[in-house]
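Now for the letters of each chain:
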Amino acid sequence: MLDNLLTIDPEIAARIEALDLEFNKFGIDPYGIDKNDLTRFVSAFAWIYRYYFKVDVYGLDNVPSQGRAVLVGNHSGGVAIDAAMVMGSMLLDAEPPRLPHAMIDKFIHQFPGASKFMSRTGQFSGNPDQAIRLLRAERLLLVFPEGARGTAKLARDADSLVGFGTGFMRLALETKSPIMPFGFVGGGDALPTIANLKRLGRLLGVPYVPITKWILLVPKPTRFQLLYGKPMYFEGTGHERDEVVAAMVDQVKERIRDLIRQGRQLREKEISEEDLEL
Amino acid sequence: MKVLVTGISGMLGRLTALKLLQHGYEVIGIDRRPWAGAPEAIELFQADIRKRTAEDVFRTHRPDAAIHMATVTHLVHQSPDRMRVNLYGTRAFIHHCNNYGVKQAVFAGRHTFYGAAADSPLYHTEDEPPMSAHTFPELADLVAADLYAASSLWRYPEITTSVLRIVYTLGPSKHGTLASFLRGPTVPLIMGFDPLFHFIHEDDAAEAIVTALAHKLHGIFNVSGPSPVPLSTIVRAAGRRPLAVPATLFKLGVGRLGLPYIPSGAIDHLKYPIVVDSDAFRRATRYTYAYDERETINSFRTAH
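Protein chains in written order, with this note's numbering: chain A, 49 to 326; chain Y, 11 to 314.
No lab work stands behind these hints, which were simulated from the structure alone. Positions of the beta carbon are idealized from the N, C-alpha and C atoms, including for glycine. Hints should not be assumed to be uniformly reliable.
What the hints assert, rightly or not - Residues on chain Y that point at chain A, a partial pick, calculated with CB under 10 Å:
{"hint": "1", "residue": "L206"}
{"hint": "2", "residue": "S237"}
{"hint": "3", "residue": "A257"}
{"hint": "4", "residue": "K261"}
{"hint": "5", "residue": "Y282"}
Claimed, not checked - Covered by chain Y, per the in silico footprint, the following chain A stretches (three or more residues, Cβ under 8 Å):
{"hint": "6", "region": "61–75"}
{"hint": "7", "region": "79–93"}
{"hint": "8", "region": "123–131"}
{"hint": "9", "region": "177–186"}
What the hints assert, rightly or not - Distance condition first, Cα-Cα at most 30 Å in a straight line; then the derived DSS-like pairs of lysine-lysine:
{"hint": "10", "chain 1": "Y", "residue 1": "K29", "chain 2": "Y", "residue 2": "K226"}
{"hint": "11", "chain 1": "A", "residue 1": "K102", "chain 2": "A", "residue 2": "K278"}
{"hint": "12", "chain 1": "Y", "residue 1": "K261", "chain 2": "A", "residue 2": "K154"}
{"hint": "13", "chain 1": "A", "residue 1": "K102", "chain 2": "A", "residue 2": "K268"}
{"hint": "14", "chain 1": "Y", "residue 1": "K29", "chain 2": "A", "residue 2": "K73"}
{"hint": "15", "chain 1": "Y", "residue 1": "K12", "chain 2": "Y", "residue 2": "K61"}
{"hint": "16", "chain 1": "A", "residue 1": "K102", "chain 2": "A", "residue 2": "K261"}
{"hint": "17", "chain 1": "Y", "residue 1": "K261", "chain 2": "Y", "residue 2": "K29"}
{"hint": "18", "chain 1": "A", "residue 1": "K73", "chain 2": "Y", "residue 2": "K184"}
The shape of chain Y in the complex, shown without the other chains (with noise of 0.2 Å):
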């Protein structure tokens, strides 16, 4: 079976296509940027999904499945070009799919889809509307690209179409956007509050996406690996050293006095907790996750 994955060149990316290389499909990707060192099993097109070179890729190699990781998440990354590549992105990959006999797609996407507030619960299930939409701004494309995403589920239910919603990945890859604001041997927290952050072994993740294809999973569905833990006691456990500042000075001080940048809407997130049910897609594959939380934190504290 051949699989094509779009921003193949990303973490997530090329940890999936090497599992899915290890699960014996045949993989081909698509990459703005380059994959230096890729197996040469991996056929890989320097390309923008946008563009027409992409739609070639579809074309002539016809995959039978295809899995969407070409969107833009860095937050530092506002160019108005980030919400064309997750929107415009989305949609040429679900064209390209319907238009190729695609059987098969899966949308990565993300757990901040839900959005934190005070008076969330504490457990998203996947019929909760998007409440990060308005209070984060930075993260409406991202919000949009999986609801547009969802929607090639009744607009072309031919094709058997996964949305995941993927908790924060860590590893010893150090990419990502739980291991960029974990980076400095100093983590600022916002005092007097200590969210839950939900999160899963980048392996495990990219495991849970081939799972995801393996199983031909219809519908939308929580992805997850052990149970959450508080931000600080990541920051603690990662090696890292807490400061806890307060909200009104944090908003001040990101981006400056060696804090990382944040957007203002992801002071929210540092909060009140995002943390998901991911029980639909624990009962459709029987998926576990290999890495518990200690393991998951220590493989990023260790790596070089």
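This is chain A alone, in the form it adopts within the complex (with noise of 0.2 Å):
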């Protein structure tokens, strides 16, 4: 589908082919994934990553280099410039790469494009039997708890968390998947979003239009702070009462809040790597 637009980089190109995944004749994975279109695309974005962008990334030795495990982390303002940051961290800096499969909201899905860059990149609607199905099959998942309200956060309260929905520690507990906790910072600077038109996102198909400091939805060069904590495992079976897995799910809040909090101080010089607790 890029194969007009975007050409390939020797580099990316090695990476690609060191991830943990099953090509078919077609240079298709079981998961619709497509080899070709992947390769282009991380070519292109990894400029964005290393050179418009700067993410400074901690604790990426955190994340198994393989088998199944949930990332699980804030979303920092606007639009999801977290998840491709933490794609970008695992598919270009991590050794060996890996891909991430993010629960995307169902929306992206019905919109021209967006349908076929996301289904040929892996990146599924967020849906349980989907999420166990991937992990089951020893796969990376990407979550972001506080789903789209938590990108609908304005940027004064980017480091903040709002609720967290409890269906990723159920699809953890269900398949014994490790918790990987992240905090994301500095998004709010990348897009300073001061309102939110939910009309017109209604009119328009999405739960809202961010509007940032100069109107448009472009983000400034910006380096963020990412911080991979340690994995962190519960026992369970999925099936426990609410109350059960809202209190695991609050641990992983508070890790992740803690991690947050690091992550500011290091931005503001606070702090230096070395006092970091991951």
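Bring the two chains, given one by one in their own frames, into a single complex with the hints.
Structure (structure tokens):
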């Protein structure tokens, strides 16, 4: 699909080659990921990730290099730049690289282009059956339990956390997957949203239309801090009472809050890398 | 062992009948349509499954097993008769099986049962409800036939019944839903969407039906071949030219301007994937397909 638009970077091609994916004769994995499209897209995205933005990644070694795991973190403003940067760190910095499958809002798949792009890069509508299947296939899941409420945070609240959904915890318990908490800082600076137009959003079929300080939805070049914490393991079946699961989710939320706090301190140069407790 | 095949003159019916012969079964068939050039070993009865003449075949020949393929699946065929054939035909089939001592029944259904939607999981398992009934009314009779056939699992538990949900077939016959869609030199796709399509070589589909029979499967099983492929890739591999049309234009243009006729409900099937998990079938039968994704498309492409 992107053949005419983007060129292949040999370094990226080698990284995609190193992914733990099985491609068929057409270069398609069983979940529809297209090797060729992915390579071209990541080749272009690498420039954005490395030069337009800059991401200080800490604790990357905490993320298992193989096997099932659920990356759980915060949204930090406007649109899901945070998700793109997590993707970037796992595809471009991690050794070996891994492709996270983000559980995205279902409205995205209703848009032409977006649907095609997401399908060919392994990004699915958040659906518990789909998530469990991917985890059982030893894939890496990326979940933002704040959902669209999280991206809707205005810039001044970028470091705060809104209510967490509990679905991810049940998935992790049921599939015995470790939870990899991460904190992301800086989204509010890249895209300082001052308002969200909900009514216009409804007309366009999206949850809201964010308005930035400079009106347009164009992020400015920004340095981000991305902190991966140590894996968290929880015991259970995934069929516990809501209170039990909510208590586990609170532990994860607190851990993420702590990672964001440390990320903010790093950003303000109040602490240095040696002081981090991941 | 004597096997009766309804809808034997259809593409999949013929292939299944030939496979049954190869595997040493005795084969008889019912169809409204003739089958010119059928092997002599197959006794054919030109009859409507809903009529007494068809019942007579069950009564006189007492098959041990029966395979039901007498469903009208062509979407262009939108007569009320289609609904009656699909539902009353299935009902007659089940009744005759019960009344005339058939010990084993196989119902060959479709994977489109599950429907296509933006938020459905990529791999459907057998316990999922049919989502296509309301988005794609033209398929409602097939969905109902599937559910009706499945009801005989508890209605007549003494009959070993397998309900198969088979992915699109493709192959040298150039028959079937996917083959019809790929018929012309230019194949319209919906701009900005490129769903995975799940397909199986028609020989492999016939083999799967015979396998279900041989393993005396009781239950509902998805049947698939190689892993799914994006529609645009299939179109190109089949030597066709894909033409991306915006969804709104597409709705106006179908059936005209050289675009194939497609009911409006089918548009979702060109936007979102219907992919099935056939692990249960594979575990129960150790079935493996013979043709991979490329060989299957090539067999379609190079057929005359």
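Outcome of the hint check:
no., hint, result
1, L206, "holds (5 Å)"
2, S237, "holds (4 Å)"
3, A257, "holds (7 Å)"
4, K261, "violated (14 Å)"
5, Y282, "holds (7 Å)"
6, 61–75, "holds (count 3)"
7, 79–93, "holds (count 3)"
8, 123–131, "violated (count 0)"
9, 177–186, "holds (count 3)"
10, Y/K29 x Y/K226, "holds (17 Å)"
11, A/K102 x A/K278, "holds (23 Å)"
12, Y/K261 x A/K154, "holds (23 Å)"
13, A/K102 x A/K268, "holds (11 Å)"
14, Y/K29 x A/K73, "holds (28 Å)"
15, Y/K12 x Y/K61, "holds (21 Å)"
16, A/K102 x A/K261, "holds (21 Å)"
17, Y/K261 x Y/K29, "violated (40 Å)"
18, A/K73 x Y/K184, "holds (22 Å)"
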